[in-house]
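A.B. asks: This is what each chain is made of:
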Amino acid sequence: MDKKLRGKFIFIAVVIVICILGIIGFPRSFQQLKENVRARIRLGLDLRGGTHLILQVQVEDAVNITTDQTMERLRDELKAKNIPYADIRKTDSTHLLLQNVAQEKSADLEALVRDQFSDWNLSRVPGDPASRALNLKTAAAVAIRNNALQQAMNTVRNRIDQLGVTEPTIAEYGQGDYEMVVQLPGVDDPSRVKDIMQSTALLELKLVQDGPYPSREAGLAARGGILPPDAELLPGPSGASSGAGGGGETWYLVNRVAAVTGRDLSGAEVSRDVNGRPSVNFTLTRDGAARFSRVTGQNVGKMLAIVLDHRVVDAPVIHGQISDRGEITGGFTPQKAQDLGLVLRSGALPASIKYLQESTVGPSLGADSIRHGVMASLVGLLAVMAFMLVYYKESGINANLALVLNIIILIAALGYFGAVLTLPGIAGMILTVGMGVDSNVLIFERIREELRNGKAVGNAMAGGFDHAFVTIIDTHVTTIVSSAILFTFGTGPIRGFAVTLTIGLLANLFTSVFVSRAIFDYVLTRRQHGEALSI
Amino acid sequence: MEFFHEPKIDWMGKKWLFIGASLCLLLAGLVSIAIHRGLVYGIDFRGGTLVYVKFAQTPNLDSIRKALDAQGIRNATLQGYGSAADHEVIIGLDLQATASSGELDVGKRAISGALASVYGVGPAGKIDLNNTSPQTVAERLLAVDPLQQAPAGLETVTKTYRELADALVNFRNSPPRSGLIADFQQLSAVPGVNAAVISALQSDFYLSSYALRNTEIVGPKVGSDLRRQAIYVTLAGLGAMLLYIWFRFELIYGIAAVVATFHDVLITLGIFSLLGKEITLTVIAALLTLVGYSMNDTIVVFDRIRENVRLNRRENLVDLVNRSINQTLSRTILTSGLTFLTVLALFLFGGEVIHGFSFALVVGVIIGTYSSIFIASPIVVFFQQRAGRSSAGDKPKAYARETAGARR
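Quick note, the sequences are listed as chains B and X, same order.
So in our numbering, spot 214 of the first sequence is number 214, and the numbers just go up one at a time.
So in our numbering, spot 136 of the second sequence is number 671, and the numbers just go up one at a time.
Incorrect hints may appear among the rest.
[Claimed, not checked] Residues on chain B that point at chain X, a partial pick, calculated with CB under 7 Å:
#: 1; residue: 356
#: 2; residue: 365
#: 3; residue: 376
[As the list claims (entries may be wrong)] A short list of chain B residues far from chain X (calculated; beta carbon distances all over 10 Å):
#: 4; residue: 40
#: 5; residue: 85
#: 6; residue: 285
#: 7; residue: 299
Keep in mind that the hints were calculated from the coordinates and are not lab data.
Even glycine gets a Cβ: it sits at the ideal position worked out from N, Cα and C.
Make the full structure from the sequences, and use the hints.
C.D. replies: See below:
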C-alpha cells in the first residue's frame with residue numbers, strides 16, 4: 001500500500017480508538033461498560049428526570065434595604081452634626097426627602113452628604129426652598145442590583161449543595177432581567193427545594209423593650225399611640241404558647257437595631273432542647289460574640305427576641321452573660337429544624353426571589369424518551385444504510401462505514417466536551433445521519449457523471465471529490481450557522497439539539513471527505529486494470 | 536441502479552404551475568392563521584400549567600373536573616394522551632386560572648389537591664411508592680432490614696439496600712408500568728426481592744392509583760419573552776442566510792433563496808394552523824433547522840447554475856437554468872429522500888414528546904425540496920430578466936447604457 005495511504009488509515013484507526021475509549025473507557029465487564037457509558041454521557045433533564053426552574057431575583061428589595069439603612073444613618077448623622085430638620089421620608093426606592101432643613105446649615109449638609117454619603121446626590125426641591133432631596137446615583141443602584149443577583153446566586157448554590165442534589169446547574173439566564181436558571185437532576189418533587197431556595201432567612205436578635213401584647217393596637221396604646229424612633233412592633237408566635245391569655249397573637253416592642261444578625265453566625269446545627277423538641281443551635285463569629293456578650297451582660301433579666309424574617313420566633317429571658325452561642329426553639333418539626341439550620345448556614349438572601357417557570361420531568365417519562373429516541377435512531381440509520389447499499393452497490397459500503405464512524409465520533413465528542421444529551425439532541429443525531437449522507441451522495445453522483453462523460457476511474461473519482469468539496473462546505477456551513485443561532489438563543493433541550501447537529505456535521509466533513517477518499521483510494525489500489533467501479 | 540437517467544424536463548416552462556400551487560397552499564395557510572384557527576401556541580409561549588398524570592385505571596374525568604371546580608379552578612382542560620390503554624391524561628390550566636395569586640405553582644397544587652380528594656391519600660404515616668425517590672425507599676428498607684444483612688457491616692448493608700431500591704424504582708419506571716405499580720406482588724419480578732422485602736414495603740408504603748409524570752408551569756413573563764425571542768431568532772436565521780449567500784453568490788441569488796425559505800416557513804406554519812397542531816419551542820427549533828436545510832438544496836442548484844454560467848456565457852438563461860436543475864435533480868431528490876427517511880423514522884418512532892418537532896421536519900423537508908427546485912430558480916430567472924439579462928453572461932442593460940454613454 002502507498003505510504004501516504006497507510007498513514008491515512010493509521011490516523012483513522014487512532015481516531016476510532018480514541019473515540020471508543022471516550023465512550024466506554026476501560027471496562028472489565030459488561031456491567032462496568034454500561035456504568036462507564038452512563039458516567040460519560042451526560043443526560044439532560046428531559047431524559048434523566050428532574051426539575052428545571054427559572055427564577056427572578058427581586059433586586060429592588062436590595063435597593064430598598066439600602067435606602068432604608070441610609071435613612072437610619074442619615075438620622076444619626078444629622079443628630080450628631082446638629083443639623084435640625086423636620087422629617088425624613090422615603091419617597092421611593094431610590095429617593096429620600098429631607099423636610100425643613102435649617103437654612104444656615106445648608107453648607108454643613110452638603111459637606112456631610114459629600115463625605116459620608118458619596119453614593120447619593122443632594123439636590124434642591126423645586127417649589128420647596130426649605131427641603132432637600134437625596135437620590136441614589138444610578139451607578140450605585142446598578143451595582144447594588146448586580147451584587148444582589150450574584151449574592152443570591154451564591155446563596156442558592158450553597159443551599160442546593162447542602163441538600164445534596166447531584167450535578168445541579170445554577171446560572172444566569174436571559175438578558176438583563178436578573179433571572180437565573182436552576183436545574184436539579186433527579187428531583188421530581190421540587191416543593192421542599194423551592195421553599196428552601198426561596199426562604200429569605202433573615203435572622204436578627206433584638207432586645208425586647210416591652211411585651212408581649214395581645215395585639216398591635218395594645219402595643220401602640222401602651223406608648224400613647226406613637227412608637228419611639230428606636231423601636232418597632234413585631235408579631236410573635238401565636239397560639240397556646242403565648243403568655244397573653246392563649247389562642248391569639250402576640251406582639252413585642254423591640255429595638256429597631258439588632259444586637260446580632262445572621263451575618264454574625266458562624267454555624268447552625270440541629271439538636272434538641274431541654275424538652276426534647278427539635279431546635280437549632282447557632283454559634284457566633286468573634287465580632288458577633290463580643291457584641292452579644294456585651295448586650296447580654298448589660299441586660300440580664302430582660303427578654304431577647306429571636307426574630308426570623310421579621311417575626312419573633314422566641315423571646316427567652318437573659319439569665320446571664322452569653323458569649324458565643326444560642327438556641328432557637330419554636331415548635332419545629334425535625335424536617336423544619338433541619339431546613340432552618342441549612343438555610344441559616346447558607347446565609348440570608350439579599351432580595352426575595354420569585355419563580356417564573358417550573359418544569360418537572362418524572363424519571364419514567366425520561367426513560368420512555370430514551371427508548372423512543374434510540375429506537376428512532378436505529379430505524380433511521382438502518383433505513384439509510386440499506387438504501388445506500390442498494391443504490392450505490394459496493395460504494396454504498398464506503399458510505400455506510402463513513403456514516404457509522406460519523407456517529408461514533410459524535411457520541412465520543414459529546415462525552416469529551418461534557419455536552420448534555422437531550423431528546424432533541426438525539427433527534428439531532430438522526431438528522432446528522434440524514435444530512436451527512438448527503439455529502440456522500442454529492443460525491444457519488446458527481447463520480448457517476450464523470451464516469452458517464454468518459455473519464456477514467458481514477459480521474460472520475462478525483463474529479464468527483466474535488467467538484468463536490470466546495471458544495472459540501474457550503475451546505476455544511478449554512479446548517480451550522482442556523483445551529484449556532486439556535487445555540488445562542490435556545491435553552492436546555494434546544495441547545496442539546498444545536499450542539500449534536502453541529503458536532504455531527506463537523507464530524508461529517510471529516511468522514512465523508514477524508515475517510516471516504518481513503519477508502520476509495522484503497523479500493524483503487526486493489527482494483528484490476530479495466531475493472532469498473534461498483535457505484 | 537439509477538432513478539433519474541439524464542432527465543430533460545422543462546422546469547422553467549412549467550413555472551407558473553408550480554408557483555400557482557405554492558400560492559394556493561400559502562394562501563390557505565395564511566387564511567387559517569389570520570381568520571380561522573390562528574396559531575395554536577404551546578405552553579412555552581402561552582403560559583399556564585400542564586400536568587401529565589398516569590392512572591392505574593381509566594380515570595373518571597368528570598369527578599376530577601368537579602374536584603378542580605371545588606378548588607376554585609374553572610376551565611381546566613382534560614385531554615387523553617397516548618393510547619387509551621396507557622390511562623394518561625393531560626390536565627391543563629391557562630394563565631388566567633392561576634393569575635390571581637402571585638405564586639407560580641398554585642395551579643399545580645390545586646391539581647394535586649383535586650386528585651388527592653378524588654383518589655384519596657394513603658393511610659397516615661405511609662409513603663406513596665409510586666411517587667417517591669430511590670433514597671426514601673433505601674432509607675426505609677435499611678431501617679427494617681428485611682434481608683437481615685445487619686451483620687455484614689453498615690457500609691455493605693447501605694449499598695445493598697441502595698441497589699435494591701434503585702432496581703425497584705427502575706422496575707416501576709420501565710414499561711409497561713411506566714411509573715405506576717398497581718400491586719405489591721408485581722415487585723417480586725425484581726431480582727433480589729423476596730416475600731420479606733415485599734412485606735417490609737407493604738408496612739411502610741402504599742400504592743396510589745395515579746402518578747405525576749411531567750409538570751410544566753410557565754409564568755406570563757417567560758411566555759412573552761419566549762414569543763419575542765422566537766421571532767428574533769427566525770429573522771436572525773433568515774438574515775444570516777441572506778448574508779452568506781450574498782457573499783458566496785450575488786445579491787439576487789441571496790434574495791431568491793431567502794424568499795424560497797421564507798415561503799417554506801410560512802407554509803409549514805400554515806399547515807400547523809390548518810391541522811391545529813401546537814407550536815412549541817422545539818417546533819421553532821425545527822423551523823430553524825429547516826431554514827438551514829432548505830438553503831442546502833438551493834445552494835446545490837445555484838452552485839451548478841454558477842458553474843454552467845462560467846462555462847457557457849452565451850447560453851440563454853432559461854435553458855441554462857433548466858439544464859442545471861436537470862443535472863442536479865438526481866442528487867436533490869436523493870438527499871431529500873434520505874433526510875426524509877430519517878425524519879420519518881423520528882416521526883413514527885420518536886414518541887409523543889417530540890411529535891411536534893418531527894412533524895415540522897417531515898413537512899419542512901418536503902416543502903423545502905420543492906421550493907429549491909420550483910421556487911428559488913424561477914425567482915432568479917425573473918430578477919435577472921427584469922434586470923435585462925437574457926443570456927447568462929449579460930450585464931444588465933442599465934450598466935451597458937452607462938458604459939456606452941461614458942464612451943461617447
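A.B. asks: All the hints need checking, so say for each whether the structure fits it.
C.D. replies: Going down the list of hints, with the structure as the test:
Proximity of residue 356 of chain B to chain X holds as hinted, the smallest CB-CB distance being about 4 Å (cut-off 7 Å). Taking 7 Å as the C-beta contact cut-off toward chain X, the hint placing residue 365 of chain B at the interface holds, the least distance being around 5 Å. At a threshold of 7 Å, the smallest CB-CB gap from residue 376 of chain B to chain X is about 4 Å, leaving the interface hint in force. Listed as a non-interface residue, residue 40 of chain B keeps its Cβ farther than 10 Å from every Cβ of chain X; the least gap is roughly 19 Å.
The claim that residue 85 of chain B is not at the interface with chain X holds, since no C-beta of that chain comes within 10 Å of its own (minimum 38 Å). Chain X leaves residue 285 of chain B outside its interface by the beta-carbon criterion, the shortest separation being 34 Å against a cut-off of 10 Å. Residue-level check passed: residue 299 of chain B sits 40 Å from the nearest beta carbon of chain X, beyond 10 Å.
Of the numbered hints stated above, none is contradicted by the structure.
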